[in-house]
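S.K.: The chain contents come next:
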Amino acid sequence: MLLKYRFLLLIVMLLLTASGCKKEKKTTTKINSDGSCMRTVVVHPASDTVSTFPVPSDKSWETRLEGDTEKVYVATKRFDDVSQLNNEYKRADKVGVDIQFEKKFRWFFTYFSYQETYKPCFLIQRIQLRDFLTQEEYAQYEKGDTSKSLKEKTDQFVMTNIYEEFYKQLIDSVQQLHDPSLPVSVFISKKKEIDFHDIGDKPKEVVEYLEKILGLKLSGKLGRQIDGIMKSIEAKVQFMLDAGGDYVNEVEMPGIVLNTNANTVEGDKVVWHFNEDKFALLGYTMTVESRIANTWATVVTGGVLILIVGLLLFPRIRRK
Amino acid sequence: MKCKELQHLLYSARTEELNPAEWESIKKHLAGCKACSTVFQNISNADRLLARLKGTVPRIRNEHALTESIIVEIVNARRLAADTGTTPFLDRLDALFTKEIIRFACGIIILMCGMSYVSMEYNDTKAIAHLEQRLDEKSKISRANIFQQEINVLNFLRELYGLSNGTISSVELTNTLVLMKKADLQTLLNGYKTLDEASRTRLNEIWDKYKREESSFIGSEKNREEVAALQKEIERLKKELEQNNLKKGRP
Numbered sequence: 001m002l003l004k005y006r007f008l009l010l011i012v013m014l015l016l017t018a019s020g021c022k023k024e025k026k027t028t029t030k031i032n033s034d035g036s037c038m039r040t041v042v043v044h045p046a047s048d049t050v051s052t053f054p055v056p057s058d059k060s061w062e063t064r065l066e067g068d069t070e071k072v073y074v075a076t077k078r079f080d081d082v083s084q085l086n087n088e089y090k091r092a093d094k095v096g097v098d099i100q101f102e103k104k105f106r107w108f109f110t111y112f113s114y115q116e117t118y119k120p121c122f123l124i125q126r127i128q129l130r131d132f133l134t135q136e137e138y139a140q141y142e143k144g145d146t147s148k149s150l151k152e153k154t155d156q157f158v159m160t161n162i163y164e165e166f167y168k169q170l171i172d173s174v175q176q177l178h179d180p181s182l183p184v185s186v187f188i189s190k191k192k193e194i195d196f197h198d199i200g201d202k203p204k205e206v207v208e209y210l211e212k213i214l215g216l217k218l219s220g221k222l223g224r225q226i227d228g229i230m231k232s233i234e235a236k237v238q239f240m241l242d243a244g245g246d247y248v249n250e251v252e253m254p255g256i257v258l259n260t261n262a263n264t265v266e267g268d269k270v271v272w273h274f275n276e277d278k279f280a281l282l283g284y285t286m287t288v289e290s291r292i293a294n295t296w297a298t299v300v301t302g303g304v305l306i307l308i309v310g311l312l313l314f315p316r317i318r319r320k
Numbered sequence: 321m322k323c324k325e326l327q328h329l330l331y332s333a334r335t336e337e338l339n340p341a342e343w344e345s346i347k348k349h350l351a352g353c354k355a356c357s358t359v360f361q362n363i364s365n366a367d368r369l370l371a372r373l374k375g376t377v378p379r380i381r382n383e384h385a386l387t388e389s390i391i392v393e394i395v396n397a398r399r400l401a402a403d404t405g406t407t408p409f410l411d412r413l414d415a416l417f418t419k420e421i422i423r424f425a426c427g428i429i430i431l432m433c434g435m436s437y438v439s440m441e442y443n444d445t446k447a448i449a450h451l452e453q454r455l456d457e458k459s460k461i462s463r464a465n466i467f468q469q470e471i472n473v474l475n476f477l478r479e480l481y482g483l484s485n486g487t488i489s490s491v492e493l494t495n496t497l498v499l500m501k502k503a504d505l506q507t508l509l510n511g512y513k514t515l516d517e518a519s520r521t522r523l524n525e526i527w528d529k530y531k532r533e534e535s536s537f538i539g540s541e542k543n544r545e546e547v548a549a550l551q552k553e554i555e556r557l558k559k560e561l562e563q564n565n566l567k568k569g570r571p
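Residue numbers (my numbering), protein chains in the order written: chain A, 1 to 320; chain B, 321 to 571.
For the record, the hints were derived by calculation from the structure and aren't laboratory data. Please note that the accuracy of each hint is not assured.
The calculated lysine-lysine pairs, modelled on DSS-like cross-linking and capped at a C-alpha distance of 27 angstroms, are [claimed, not checked]: (1) A:Lys119 <-> A:Lys90; (2) A:Lys151 <-> A:Lys168; (3) B:Lys354 <-> A:Lys143; (4) B:Lys458 <-> A:Lys269; (5) B:Lys458 <-> A:Lys278.
All of these numbers come straight from a predicted model, not from anything done at the bench.
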């Protein structure tokens with residue numbers, strides 16, 4: 001499907017080939033009832049630690065390589081509270097990961113809610129997915145629909161977004177040039193005539209195609225800028241491609257799991273299996289809620305209730 | 321009439337009226353009994369005194385001595401209470417928990433504790449049931465996908481096997497597939513080694529069709545691995561078949 005777009009064909013080809021590589025990042029987080037946690041990140045293959053998905057590597061983490069033939073990178077660290085863990089992932093050059101943890105004391109029970117969000121790795125946001133898809137399609141996409149038709153639609157969204165980004169940057173460059181022979185109004189008015197499916201994937205081809213449609217002499221004036229624009233877009237697409245692979249997120253909660261959007265629940269452990277498609281465009285939020293029974297509170301309440309009942313019966317017993 | 325009966329009548333006479341016959345018998349007894357006459361005299365004197373005191377305020381002659389005697393009485397009462405196991409604290413508790421408002425407040429506390437626990441437990445049980453239902457539905461979908469995948473593979477194998485001898489029944493084929501035993505698959509696939517040219521063309525068509533459908537497989541990780549192993553095996557046999565044909569001089 002994507003092959004019908006000639007524009008940035010190289011990027012499209014990258015998109016197709018990237019999906020063939022087997023990469024996996026498994027994250028295990030054990031949350032304790034006091035709010036402290038233990039995080040283990042396993043990257044397969046070990047060489048994938050440089051991907052755009054944040055993989056901890058600083059000295060505060062205990063890191064090691066495992067496996068004989070195919071090495072696996074393992075990093076472990078203990079955190080006093082989840083906010084510390086959240087701070088570990090605040091890196092602008094990587095895919096955003098936001099972790100929230102809440103503990104609510106409700107006398108008989110203590111409730112815990114954990115939320116981990118992988119922010120979108122597709123950084124071009126000229127148009128919004130909500131505006132591109134119909135309301136129904138958007139709802140299906142949010143639910144995690146993986147049907148072919150919807151996949152085609154989202155691929156189309158990616159390509160349209162790339163083109164919009166390209167054209168926006170092109171107009172910005174033209175405005176900066178202040179060249180009377182390159183009127184911005186022509187670029188804006190003739191935008192609709194440009195069929196981005198027909199634009200080539202090399203800067204020279206792009207210039208030639210635009211010259212033909214716009215009726216302006218661009219080479220020598222805009223050639224360098226177009227090259228720069230395409231490189232910046234390629235870098236953004238590469239960012240998304242680097243985040244590609246399979247993801248497994250495992251969270252072990254204190255107490256009984258009450259609610260989660262995970263694929264599987266095994267006792268107090270919840271597991272999400274997904275790939276980059278899940279968070280590429282909209283981000284993906286994984287939530288889990290659990291509770292533990294406060295035995296001491298139940299005992300105290302029971303004691304107090306027995307005392308109250310005793311006192312209520314006391315006058316009657318005394319009179320007898 | 322005995323003295324005891326007479327004295328009883330005399331005391332009754334102070335509060336209720338006696339009939340003439342009773343008065344007559346009292347008079348007769350008093351005339352002959354000195355002790356009862358004295359009792360009658362005392363009662364009459366006391367009644368007269370009470371009649372005179374009516375409407376006057378009593379005066380305490382020695383207030384200090386009275387207070388002291390009251391304190392002594394209280395102390396003695398407390399000592400007595402301590403000896404019998406009752407204390408003023410318990411008296412106070414007794415008094416407190418006899419009050420209606422306190423009893424009502426205690427009832428509310430007990431009710432609120434119970435309701436709070438039950439409501440929390442109810443909500444959480446409901447949440448767990450909802451989660452289990454959602455996971456069950458998900459697993460059903462997943463099972464359906466696996467089933468669809470098996471059907472795809474089954475159809476593929478049936479078509480493929482039909483080219484070689486066609487003697488295997490659907491049941492056998494299904495069993496082979498469900499068991500997914502490598503040896504069974506091997507037996508099944510070995511049959512294709514002796515295909516003629518027309519069958520080879522058909523095999524390629526089926527293989528291409530199978531490859532196209534493969535992208536829609538969403539089965540479990542285990543099934544995916546099995547299907548991948550099956551694909552590898554078929555590819556290997558296909559290559560082997562081509563090599564054999566080349567050796568035999570077939571195009």
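S.K.: Against this structure, judge whether each hint is valid.
M.R.: Quick rundown of the hints versus the structure:
Restraint check: the Cα-Cα separation between A:Lys119 and A:Lys90 comes to about 12 angstroms, which is no more than 27 angstroms; the hinted pair holds. Restraint check for A:Lys151 and A:Lys168: the C-alpha separation of about 26 angstroms stays at or below 27 angstroms, so the hint holds. For the hint linking B:Lys354 to A:Lys143, the alpha-carbon distance of about 116 angstroms lies beyond 27 angstroms, and the restraint is violated. In summary, the hint linking B:Lys458 to A:Lys269 is supported, as the alpha carbons are separated by about 17 angstroms, within the 27 angstroms threshold.
Between B:Lys458 and A:Lys278, the direct Cα distance comes to roughly 17 angstroms. Compliance with the 27 angstroms bound is thereby established for this hinted pair.
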